[in-house]
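Produce the complete structure using the sequences and hints provided.
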Amino acid sequence: MTDQHDNPIRQAIADAIASNDVILFMKGSPDAPACGFSARTVGILQALDTRFAAVDVLPDPRIRQELSALSQWPTIPQLFVGGELVGGCDIVTEMFETGELATLLHAESAAEYSEPAAADGATLQIENRLS
Amino acid sequence: MPDAAAIKARIEAAIPGAKAEVDDWTGGGDHFRATVVADAFAGLSRVQQHRLVYEVFGDEIGGPIHALSLTTISP
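Protein sequences appear in the order of chains D and B. Anchor point for the first sequence: position 108 equals 107 in numbering that gives the first Met the number 0, and the numbering is continuous, going up by one each time. Anchor point for the second sequence: position 65 equals 64 in numbering that gives the first Met the number 0, and the numbering is continuous, going up by one each time.
Since the hints were made in silico from the structure, they are not lab data. Cβ coordinates follow ideal geometry from the N, Cα and C atoms, glycine included. Check the hints yourself; a few may be wrong.
[To be verified] Facing chain D, from chain B, some residues (calculated, C-beta under 10 angstroms):
(1) L43
(2) S44
(3) V46
(4) H49
(5) Y53
(6) F56
(7) D58
(8) I60
(9) G61
(10) A66
(11) T70
(12) T71
(13) S73
Encoded structure:
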């Protein structure tokens, strides 16, 4: 790994992805999504009764910049399950419709459950959605 | 401002053998929807397939192209 020490935001994002089984980077919050694509993705996770952590990328443009550099994915939202990028709204929607998402999330929740990690200082605000 | 025909042409030019259907989702010239069929997608995950298409546009995604909704199909 290269410049992690010089890049606390990217490191915080990587840590958040690693320590939350299901984490959604979105515009706005699950209760107040700021974009239709984020809203739809949250709706799907809630329809599947999924526990997930959420990060709003809007407070600091560097969050989105560093996230996209890390994930090689240009758009928001981005859903990660088990540390892997599942995709954005289109893929999540497609996988919801085929049932693949339920299978993936079920497999993940059947694995040892770990409490979502606390936010790393003020760098990232991670909101837990333990509905 | 990008238009649907230009986006279709760029996808088809960049990905060998690709066929793309693109429409302007909102009519506003910044939200597009594309269905892309390409042999190049064979063996790739959905994430990898979408990345191939996103790579055609680089920084324009999230800029002038606010959203490009994708369906990718490996024939």
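Going through the hints against the structure:
no.	hint	result
1	L43	violated (12 angstroms)
2	S44	holds (9 angstroms)
3	V46	holds (5 angstroms)
4	H49	holds (7 angstroms)
5	Y53	holds (5 angstroms)
6	F56	holds (8 angstroms)
7	D58	holds (8 angstroms)
8	I60	holds (4 angstroms)
9	G61	holds (6 angstroms)
10	A66	holds (7 angstroms)
11	T70	holds (7 angstroms)
12	T71	holds (9 angstroms)
13	S73	violated (13 angstroms)
When each numbered hint is compared with the structure, violations occur for hints 1, 13.
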